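**Q** Keeping their order, the protein sequence lines are chains A and B. Sequential numbering from 1194 applies to the first sequence in our numbering. Sequential numbering from 214 applies to the second sequence in our numbering.
Hints in this document: simulated from the structure, not taken from any laboratory. Please read all numbers here as calculations on a predicted model, not as lab measurements. Treat the hints loosely; a few may be bogus.
[Stated by the list, open to error] Derived pair list, reagent style BS3-like, types lysine-lysine, alpha-carbon separation capped at 25 Å:
(1) B/K701 - B/K454
(2) B/K766 - A/K1252
(3) B/K838 - B/K803
(4) A/K1291 - B/K766
(5) B/K376 - A/K1381
(6) B/K803 - B/K765
(7) B/K581 - B/K569
(8) B/K704 - B/K510
(9) B/K786 - A/K1377
(10) B/K765 - A/K1377
(11) A/K1377 - B/K581
(12) A/K1381 - B/K787
(13) B/K510 - A/K1377
(14) B/K766 - A/K1381
(15) A/K1381 - A/K1291
(16) B/K766 - B/K838
(17) A/K1381 - B/K815
(18) B/K745 - B/K815
(19) A/K1381 - B/K765
(20) B/K514 - A/K1377
(21) B/K704 - B/K454
(22) A/K1377 - B/K787
(23) B/K786 - A/K1252
(24) B/K795 - B/K845
[To be verified] So the derived label-pair ranges between C-beta atoms look like this:
(25) B/R398 - A/Y1357: 55 to 61 Å
(26) A/I1330 - B/I264: 50 to 56 Å
(27) A/L1391 - B/A705: 55 to 61 Å
(28) A/Y1357 - B/E834: 55 to 61 Å
(29) A/L1250 - B/E834: 24 to 30 Å
The beta-carbon is built from N, C-alpha and C at its ideal position, and this holds for glycine as well.
Chain by chain, the residues run as shown.
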Amino acid sequence: MRTKHPFRSQRLTVLFLIGVFHGILAQAQGEVVLPPESEYKDPITRVWFNTYGNIRLSKRLFWDAQTHFRFVETESTPYLSQIAQIYNRHAIGYIYSKKFNVSLGGVVRINFNTDPLSPDRNVVPEWRIWHQYQFAIPLGSSMIYHRIRIEHRWTQSFVDNSDYIFRNRWRYMFRMKTPLNSHKLQPKTFYISPEAELIMQSGKSVVASPMEDLRLTTTLGYIVNPRLSFAAGMMYSQGQQLINGGIYKQAWTMRFHMYFSPDFRKVKNKLPEIHLTD
Amino acid sequence: MKPFRSIFTGICVLGILILGSFQAQSQETRYQGPLRVAGYKGEANYQYYIIEGDTLRNGPFRIQRSDLESLLQNKDTSFLFSGNYKDNIPEGTWRLKYGSFTSGNSSEVVDYQYRVLVNGIQQEAVGMLRNGLPEGMWNVAVNRIENSEVAQSNFKSKVDFEKGIPHGSFQIEDLESALVGRFLRDGLAHDQWTLFGGGDLEIEENWYFEDGVLQQVETKNDGEVKVWQLEYESTTEFKTKTLGEGYLQALRFQTKADDSLSYLKGLLPSLLVQNDIFYHNLDTIFTALGTTEFYPKWKVKLAYYPLDSLEQQYAQSIHQDVIEAKVISDALLNSSQLNLLALSDEQAAYGYAALKAIRQEWLKPLGKIKQYYEQDLLDYMKRPPLVAYIWPNGIPSATIDLSPYAEGKIPKATFVLPDADHYDLYKNNLMSSAQAASYALESLKMIQKELEIKLGLHKGEQELLAVEQRLIVLNDSLQTYVDSVQKKLPKAYHETLLSVGVFAEKQLSDYAMRSDTALKTALAEELVVCFKELNQLGRTIGSLPQQRDSLKKHYTDGVWNPFMATVMEEEVKKRILAAYDKVLVPYFLKNIETSLSCETAKEFSQQIQRTNQRMFALRDEETKKLERKLRKEKDPETVLELFNLGNSATKVE
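Take these sequences, add in the hints, and give me the full structure.
**A** Put into structure tokens, the structure is as follows:
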């Protein structure tokens, strides 16, 4: 049996607190003790403001442009207190049919250090390459969506000169949109949208915590016109901590979305609107 | 501070209450006196208030009639309608009773009152209305009353409604049979509808519906079961129709003919028709009481076989020709002068027999097509079985045998038009039927000419008569059209259309007042031209809502919404469509109502037609500038100018 060196374990605690992973973590892995029963941390509260742009480029191609502003609580103020991340996701999408589309692109996310006591850097970037496969299926007056999203992600900690670690994320989302005051999803319609997304991860640094996040959301939306919708909802999420798979983070997140899809193409190229197989 | 605040609140509440009750008192007035509701004249008692000169009924309402004297002498028709109004719309529970009674032989004295026992028939309907629509269970009944008690229920029906739409199961009974069936939530007939009959109420007839479409019928007669399968082609399109008599008419020709007609003579359809007639009667009363939406939305689906443009023309010409032929044959057959002449003069008797033959063998069958055309049923009838039904032995020979109609007054004779060969009467389709209608009309015109000579009319008089006949036919055609579309049209259009009908009637009665024959012919000829234009204008107005629908479709674009992955419909160039809807159409309608004359009629219909064409064209033109200019434009003349339509029409002075 190995005995724990007191100094090293103290140093680890500090590092855990500021969320450091790579290198040291590899050395420390042996030291992580899984609790006898899973431990759920108190939920934190967050607010996300998300804009989703979908700009039609040609008959089949579109530019997917998303910008999200994510806020997190501080001790004194829940939800909207300090900025945590600014998130930019872009892709070129391809409409295969009304029922299936794919996208490929990149993400740059700006992470803000939300620990007021941290001596480290305040802002670090995070990079991703992502691709997505989305199926849309009409069901009565509702629509059902299956979304498979795969992300290759490079992250680094706030510690000066820390290295990037690489992980893959495997995401599946089920979503439904049901019109409330109309028989179909059309302008001037409220809709309700329950969704569930499971995010799994893999990579050298992922040892005992493959389930990064499980997100359960219900959103209420309003379609202003075919090119503009708004939605707001509440999300509960939980997932394993990277460094200790026995500890589960939890969060309640208020989400506000704006969806816009301008089409700057000339009128003659627009018609017919989506008869892709003509 | 606190007590002061509560006192203040108290005063405010009291103030509002006093003000409210004062207002309520000052508005409501009671009326007690004579009133007429859809032909029922009686003593009414109700409350109302007045807003901007409009009398709005509100609260309990009651109208009744009974006449003791007439009851004692012979018989009395009495009625009692009672219910509630909310802001001039019937609301809540309503009870309608009407019937006719004779007094019995006996009378008795009960508590210082003379009681006379009555016998008769009482019709009764009870149910709830919400927003003017039937809601919940409606019970209607026809009872035979003997000695002031219900002796027998001749007819009974129970239907459950939701927002005017029947749903769930219903029951209709008469003396011998009972029908049970059900409707879907959207009012469509569904599942098995069963008729129980006979003393022990056994199943006698079954109709099977699927989503409103009749699929199969079974009937049992003396233990023998007969099954009809309605086989529709896989490409058949179905359209929703009201379940009424028209439906049963169309049902005859939905699939193939054979002997499929016999189940339509069963008890089940007859119960449906009885119930429908009852509800039509209730609808008339409730329309007079202030709700136009009472008639239930019981629905079925019929296979749709739209007339192509040629068939449309055939149907239209049959309609026109039959109307005109009827005017001629009625005028001649009802002429007492001709009746007398036919007794003594062989040639007149010959003409008279030919008239009767044509009416019986040609106009009677053709009249059915005319009627189906007026009821909009031809689109739901397969043409071969329809034509086979109208002409069971084919279209009669152009050489008409008059012997059955001659009553022995003339030797064996036939009638034939000299150019009979030009008529293609021997194909069993609408075309030949149209030819038959035209053949019948031309024959009647020839007979008319000869008879008029016989009657000693001068040439001038004959000509005048012919022109007048055309005038009457044109007016009839217009008035029939006005009547047939009025229920389907929104109020504004309907009123304008009505004013066109009234204008035509007025012209005709002004004309009838003239006595100078010489001037009359010229005037009648002018009026014929005018009435043609009025017919055209009437049809243009009547088709405006349809035009509007197709314009709306034309101005709708499918836009792909990537987030929903659906195509959403969006109205484009809204300002143009709004200018059409809110500025131009009301302007046209008002113009017609206020300044219609024989001179302007043509211009009015052309203006509307030009505008519709322009609207279709504008959809695909560059209109950004125009839309900007239309923004606050409310003046119809300016809008017309902006649309490049100028304004050559007569302006409202």
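**Q** What hint numbers does the structure not satisfy?
**A** 3, 11 and 17
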